[in-house]
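Chemist: Let the hints inform the model, and build the full structure from the sequences given.
So the protein lines, in turn, are chains B, Y and L. Just so we're on the same page, our numbering is the position in the first sequence counted from 1, plus 60. Just so we're on the same page, our numbering is the position in the second sequence counted from 1, plus 479. Residue -1 in our numbering sits at position 6 of the third sequence, and the numbers go up by one each step.
If you're looking for bench data, these hints aren't it; they were derived computationally from the structure. C-beta atoms are modelled at their ideal positions from N, C-alpha and C, and glycine is treated no differently. Be a bit skeptical, because a hint or two may be false.
Under the rule of at most 30 Å between Cα atoms (straight-line distance), these lysine-lysine pairs were calculated in the DSBU-like manner [unchecked claim]:
hint	chain 1	residue 1	chain 2	residue 2
1	Y	LYS678	B	LYS69
2	Y	LYS662	Y	LYS678
3	L	LYS162	Y	LYS482
4	L	LYS99	Y	LYS747
5	Y	LYS706	Y	LYS747
Stretches of chain Y that chain L covers, calculated by requiring three or more beta carbons in the stretch to come under 8 Å of a beta carbon on chain L [to be verified]:
hint	stretch
6	654 to 664
7	738 to 744
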Amino acid sequence: MQTVFERPKTLINQPFRYCPGCNHGLAQRLIAEVIDELDIADKTIGVGPVGCSVYIYECLDVDFVMGAHGRAPATATGIKRALPGRMVFSYQGDGDIAAIGTAEIVHCAVRGECISAFFINNATFGMTGGQMAPTTILDQRTTTSPRGRKQDEAGFPFKLGEMLAVAEGSAYIARVALTKPQLIKKAKQAIKRAFLTQQAGLGFSLVEILSPCPTNWALPPLEAVQWLEKNIIPIYPLGEIKVKEGVPDAR
Amino acid sequence: MKKILMKGNDAVAEAAIQAGCDLYFGYPITPQTEISEYLSLRMPEEGKVFFQAESEIASIYMVYGAAAAGKRVMTSSSGPGISLKQEGISYLASAELPAVIVNMSRGGPGLGNIQPSQSDYFQAVKGGGHGDYKVIVLGPSTVQELVDLTYLAFYLADKYRNPVIILGDGMLGQMMEPVVFNKPDFPPLPAKDWAITGKDGRERQYILCFDLDPRGLEQFNNKIFKKYQKIEQEEIRYEVFGEDKPEMLLVGYGTVARILKSVVREAKDLGIRLALLRPITLYPFPSAIIQKLAQQAGRVFDVEMNMGQMVEDVKLAVNGAVPVHFYGRSGGMIPSVEDTLKRIRDILGK
Amino acid sequence: MHVETMVAGFGGQGILFLGRVLATAGMIDGYHVSWFPSYGPEMRGGTANCVVIISDQEIGSTISDHPNVCIVMNEPSLRRYAPTVRPGGLLVVNSSLITQKYHDSKIQILEVPGNDIAGDEIGDPRTLNMVILGALIGYHSTVKEESIRQALEEILQGKKSKLIDINMKAFTAGKNSILRKVTE
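Modeler: Printed below as a string of structure tokens:
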């Protein structure tokens, strides 16, 4: 009999802690699949954030350093400078990477730091209970924008990927979603290209993964997916935002 | 070994290299920037890493990452920059990561100024960041001691898996004095088998800075406080200077202790018997010896370049047994021998 | 021995270098020494000063409220530091730039036309600091002359070593100007 589907070796065999309909589990599974395919589990070091993404260290069978809110890119830089031959990635939510940790991620991109950042954008602070994030879209209701985000008060949604693409040091930047099988396939390719970019020493790579947050959006999982497709994707268009010459193909 | 005339900041930097510092992460701020400048030149010569971060915050988390990877790591700053690093220092203590942090402190609060000060004493010894933790704090008094305590700082950091602060000031950083580089042979340290280096065949490892279960976190805090207890038993260092049977015990550290040595000598010429207790480790604090000498002298005079910080620890040590007087200059002012002696004479009525 | 020397002037007059040479020479002679600069926020054009202490005992304070020796290279420094000189002490005045006459019967005052000697005799105005140091040591030999040369060799290494000779030449010219004055 031929095995057509199995748990990636790098994904630890235990239930995820995430809410039903959250995409963290799927995103982490894809990272695990890519680590297996590239056969880099032995030399990969993950850096954790603060927020729902924090549980990643329980899920992936690689070495991890857990750090402070927003500072994962700096911690990853310290590790990469200490151990230049290792594959180092950060895994961060939007509160972490696009609010408090903006300076660290921008400077990683500017320097062309050879790390990969995986950014789960669910347009809200998840773990603290659904407050407004810089990525919250206009009119989106959160616990700190109960009347919806208003531009004259709280400005505009933060398009981190586009901003980092401007930096000369960034080599590969993509935005993906996990709402359909073909999008999941593309997301995995993007994650793979990010690791390959790092492996080739081409510079900084980032994959922004749009994810629903049914609990904080107060929607059933399926409706959350539909809401994301209808409202979030138009603000945060999918695709490869920057591919520097020489970035290896995922296939 | 040849004596060379060297600036305090340069001397710390050179000592760090000799102590086996693998990576340094800095950010410019007066009066300690020469440490960065020196290391930017010398670290690459030694095949080591110098890196100027985008902020004090980033630099302490780069330290955190590199320390987690099992390397010897240092950062340095002054006043406001050290404030920015405090969150990271709390994380280092929580993750039990060794690191050396140099503070060539300056006048505060706020931007303050760039002149020498000891106003970061509380911040250093009471744990300037959040949570229950301690940092080993060394208080050098000469450029030579900056060198010797830098060697020691790297050793203690690794020995206890704890951050160590070298608490200097602008005067120590900027002044030149003759130094000899003579690295002692420290006892061997255990291998850093906890380091995060990639699995490479072994089981995976991780470094955490949290425990969401309160029972677990309390257990962890008990564990690190047992470690601090051991530090308090084994690592106290101090110097006693001056006369036997003094009429008054002076207490001061760092730059102030230098001035107090001059005071002790000048007082002797006037027929006043003084002794100085100079804490070298500010945490762990030499409470027992202060208590003993204070009782013998019957009177304590604590001098600092701040509004009165270490004096609280001195009072705790003395525990009300004898009077504790205080003289402080702040804002970057340095107490003079003349003024200090005048105050002592007033107290003694001589 | 315990000599506290204040060196003060404009940034760019080689104040800190002069102090460093003096302190290094003191160290070579086997004394305890310290060198402490003023360090201000301005990079250029401000005032500069440093205190060098040479002593046969461990040095306490590295600052000096009442120096035994005070070198002033410009008028603002004269106004600020000349009154602080300890009674019985020595004030060295760069008379090329300081036209004002300073009087204090409790101290000795040595006038050295530093810029003139550096410019006319040495042909390099940048050697002003060593001319002044030469005058000081010629008058008041805190450190040995050969230690000055050794100090220069220690400080001016590599490419800079070619500057040792001109610095020594300036030092000697400064010293000779004082010897001439004393003989006169």
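Chemist: Of all the hints given earlier, name the ones this structure violates by number, lowest first.
Modeler: 2, 5
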